[in-house]
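Novice: Residue numbers (my numbering): 19 to 547.
These are calculated hints, taken from the structure and not from any lab test. Fair warning: this is a prediction, and the values are worked out from it, not measured in the lab. Where is the CB? At the ideal position from N, CA and C, for every residue including glycine. Don't take every hint at face value.
To be verified - The following label-pair restraints were derived from C-beta to C-beta distances:
{"hint": "1", "residue 1": "Pro319", "residue 2": "Asp73", "range": "53 to 59 Å"}
{"hint": "2", "residue 1": "Pro514", "residue 2": "Gln72", "range": "37 to 43 Å"}
{"hint": "3", "residue 1": "Ala160", "residue 2": "Leu446", "range": "37 to 43 Å"}
{"hint": "4", "residue 1": "Leu483", "residue 2": "Ile248", "range": "25 to 31 Å"}
{"hint": "5", "residue 1": "Asp235", "residue 2": "Leu364", "range": "42 to 48 Å"}
{"hint": "6", "residue 1": "Gln231", "residue 2": "Leu453", "range": "58 to 64 Å"}
{"hint": "7", "residue 1": "Asp333", "residue 2": "Leu453", "range": "30 to 36 Å"}
{"hint": "8", "residue 1": "Arg432", "residue 2": "Ala210", "range": "57 to 63 Å"}
{"hint": "9", "residue 1": "Val425", "residue 2": "Leu453", "range": "23 to 29 Å"}
{"hint": "10", "residue 1": "His320", "residue 2": "Ala255", "range": "22 to 28 Å"}
{"hint": "11", "residue 1": "Gly91", "residue 2": "Trp269", "range": "19 to 25 Å"}
{"hint": "12", "residue 1": "Gly61", "residue 2": "Gln318", "range": "33 to 39 Å"}
{"hint": "13", "residue 1": "Gly61", "residue 2": "Ile248", "range": "23 to 29 Å"}
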Amino acid sequence: MQIGSRSSRSLLACLLAAIMVGCLGPPAAGKAAIPAENAEITGSAYEALDTFLQDQLETLGVPGAAVVVVQHGVQVHSAAFGRADNSGRPMTAQTPVLLASTTKSLTAIAVMQQVEAGRLELDEPVRTYLPWFALKDSRASAITVRHLLHQTSGMASAGTAFEGSDTQGPEALEEGVRALSGAPLARSPGEAFGYANANYNILGLLVQTVSGQPFGDYVRQHVFEPLDMIHSHPTQAAARADNVAAGYSLWFGSFWGQTDTPAPATGMPSTTMYSSAEDLGHELTALLGQGRYGEARVLQPHSVNAMFEPRVQVDGSKGYGMGWFTRPLVESADTSRQPLDGELPLLLEHQGEWGNSHTYLAMIPASGIGVALVINANNTSAPSRLKAVDSNVLRILHGEPPAPTVVQEDWLQRYSWAVALALLLAELLSLWLALSILLRRRTSPPKWKPLTLVFSALALDAFALWLCFVYAPARFDTNLTVIVRQFPDVGLFLVPVLALALLWPIPRTVLLLWKVRMAPHPSGVSQPR
Numbered sequence: 019m020q021i022g023s024r025s026s027r028s029l030l031a032c033l034l035a036a037i038m039v040g041c042l043g044p045p046a047a048g049k050a051a052i053p054a055e056n057a058e059i060t061g062s063a064y065e066a067l068d069t070f071l072q073d074q075l076e077t078l079g080v081p082g083a084a085v086v087v088v089q090h091g092v093q094v095h096s097a098a099f100g101r102a103d104n105s106g107r108p109m110t111a112q113t114p115v116l117l118a119s120t121t122k123s124l125t126a127i128a129v130m131q132q133v134e135a136g137r138l139e140l141d142e143p144v145r146t147y148l149p150w151f152a153l154k155d156s157r158a159s160a161i162t163v164r165h166l167l168h169q170t171s172g173m174a175s176a177g178t179a180f181e182g183s184d185t186q187g188p189e190a191l192e193e194g195v196r197a198l199s200g201a202p203l204a205r206s207p208g209e210a211f212g213y214a215n216a217n218y219n220i221l222g223l224l225v226q227t228v229s230g231q232p233f234g235d236y237v238r239q240h241v242f243e244p245l246d247m248i249h250s251h252p253t254q255a256a257a258r259a260d261n262v263a264a265g266y267s268l269w270f271g272s273f274w275g276q277t278d279t280p281a282p283a284t285g286m287p288s289t290t291m292y293s294s295a296e297d298l299g300h301e302l303t304a305l306l307g308q309g310r311y312g313e314a315r316v317l318q319p320h321s322v323n324a325m326f327e328p329r330v331q332v333d334g335s336k337g338y339g340m341g342w343f344t345r346p347l348v349e350s351a352d353t354s355r356q357p358l359d360g361e362l363p364l365l366l367e368h369q370g371e372w373g374n375s376h377t378y379l380a381m382i383p384a385s386g387i388g389v390a391l392v393i394n395a396n397n398t399s400a401p402s403r404l405k406a407v408d409s410n411v412l413r414i415l416h417g418e419p420p421a422p423t424v425v426q427e428d429w430l431q432r433y434s435w436a437v438a439l440a441l442l443l444a445e446l447l448s449l450w451l452a453l454s455i456l457l458r459r460r461t462s463p464p465k466w467k468p469l470t471l472v473f474s475a476l477a478l479d480a481f482a483l484w485l486c487f488v489y490a491p492a493r494f495d496t497n498l499t500v501i502v503r504q505f506p507d508v509g510l511f512l513v514p515v516l517a518l519a520l521l522w523p524i525p526r527t528v529l530l531l532w533k534v535r536m537a538p539h540p541s542g543v544s545q546p547r
C-alpha cells in the first residue's frame with residue numbers, strides 16, 4: 019500500500035510538473051515578449067546593455083555616457099563609460115550633464131506643486147498671473163497654464179528661439195519672457211500641438227511669480243532636495259562647481275571636439291538645467307511611485323496621473339502629456355510580427371538635444387521601469403544616430419536585439435557644414451575677382467567683365483542671405499543666431515559668408531561700376547566724367 023501510494027503521488031507530481039512547464043514555458047514563436055506588471059529585467063539584459071553602450075562609444079566616437087535603470091522604486095542598474103572632458107576624467111553616474119529638453123519634466127513637477135498649493139490654476143490664462151504678458155497677436159490673451167504644459171499655446175520655435183544667447187543673470191528668465199512680446203502666434207491657443215521651449219520658460223516664470231522665490235532656488239529647494247538630487251543644478255555656475263561634464267560636438271562629420279555652446283539662464287525651465295544619470299533615476303523613481311521618493315513626497319498621485327495623461331495628439335499614436343511624450347512601447351515587441359492594438363504598454367519619454375549634449379528619459383508605468391541616459395555630446399548633423407541608441411536601450415532591456423541605425427536627416431542637415439564651406443569659397447572667389455579688376459592699373463578690362471561680375475556677385479550674395487535668413491531658419495525651425503551658435507562647424511563658415519554678403523556688395527558694386535565708367539573708349543580716349 020505504501021508503495022502504491024508513493025507511486026500515485028509520484029505520478030500526480032509528474033502531471034503537475036508537466037502542466038506547470040506547459041503554462042510557464044517560453045512563449046510560442048512570434049509572440050511579443052511584453053512585460054507584465056511585475057516583470058523583472060534579468061541580469062543578462064544589463065550585461066547586454068553595457069556591452070551595447072560601450073560598443074556605441076567606440077563606433078560613434080562619443081566621449082562619454084552614463085545610464086541608470088530603476089524598477090519598483092529601486093535603482094537596479096548603473097553604469098558609466100568614457101571620459102567627462104579632455105583631461106581624461108572618467109564619466110560617472112554622478113557626473114552632471116546639461117539636460118536640454120529633459121529639463122521640462124522637472125519644471126512640470128514644480129508647476130503641479132503650485133497647482134496643488136492653490137497658487138496656479140491649469141485653465142487660468144497666463145495673464146491672470148502675469149498681467150503684462152503679451153505676444154505679437156491678440157490671441158495670446160487666451161493662452162492658459164494648461165496650454166503651456168501641453169505645448170498647445172500656438173507659439174512656434176522659430177519665433178521664440180533664445181538658444182543663441184549667453185545670458186546668465188538672475189533676471190534673464192523674466193527678460194526672456196518679456197522679449198516674447200514681438201513673437202507671432204503660428205496658430206490659435208489650444209488648436210494643436212506645437213513644440214516650443216518658450217512654453218516652459220513662461221511656466222518657470224509663473225512658478226517664480228506665484229511662489230515669490232527665484233525659479234532656480236525654488237527647484238533646488240522643492241524638487242532637488244526632497245529627491246536627494248545632490249548633483250543637479252539650475253545654473254551653469256553651480257554645475258561647473260560640481261565638475262559638470264564638458265560638452266562635445268561632431269565637427270565636419272569627422273571628429274568630436276570639446277565645444278562650448280550657449281546655455282542661457284533664459285532657458286532654465288525648458289532646457290538649461292543640469293543633472294546626473296543617478297539623480298534623474300531619483301526623479302523617475304518618484305514619478306513611477308506616484309510622487310513619493312523614500313519618505314519624501316513631491317506630488318500627490320492625482321498630479322502625477324495628470325502629468326502622464328496625453329491630452330494632445332502629436333502624430334499617429336504619439337501624444338504629449340506634461341513634459342512627456344507618450345506612445346506604445348514598440349521596443350518590447352517581437353519584430354517578426356505586428357503587435358495588436360492595445361497590446362503594447364504605454365511608454366513616457368523625452369529626449370534632450372543640445373549642440374553638445376544628448377539626454378534621454380523613459381518610464382513604463384505598467385512594469386515600474388525607468389531609464390535615464392546621459393551623453394556629453396551631440397551630432398547635430400545627424401541626431402538620429404544617438405536617438406537610435408535611446409530606442410535600442412529599451413529594446414535590450416526587454417530582451418530584443420538592437421535594431422540597425424537608420425539616419426533620417428536629409429542631405430542639407432547632414433552636410434550643412436559643407437554647404438556653408440562652399441558658400442564661403444564662392445564668396446572668396448568673388449572677392450578675389452573683384453579685387454583683381456579694381457587693382458589692375460596698366461590696362462582696363464573689357465566693360466563686360468566688371469558688369470558680369472557685378473550681377474553674378476550680387477546674385478551669389480542674395481542666395482547666401484536667402485539661405486541664411488529665410489530657408490535655413492524655416493527648415494530647422496529656429497533663427498540664424500541659434501544655427502551659428504549651436505552648429506559650431508556650420509557657424510565657423512557662415513559668419514565670414516554673412517560678413518562678405520552684407521558688408522562688401524555696396525562698395526564692390528560702386529567701385530566696379532566706377533571702373534566701367536573710367537574704362538577707355540574704343541577710340542582710345544577715356545570716357546568723359
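Novice: Hint numbers the structure violates, sorted upward?
Specialist: Of the numbered hints given earlier, those the structure breaks are 1, 3, 4, 5, 7, 8, 9, 10, 11, listed in rising order.
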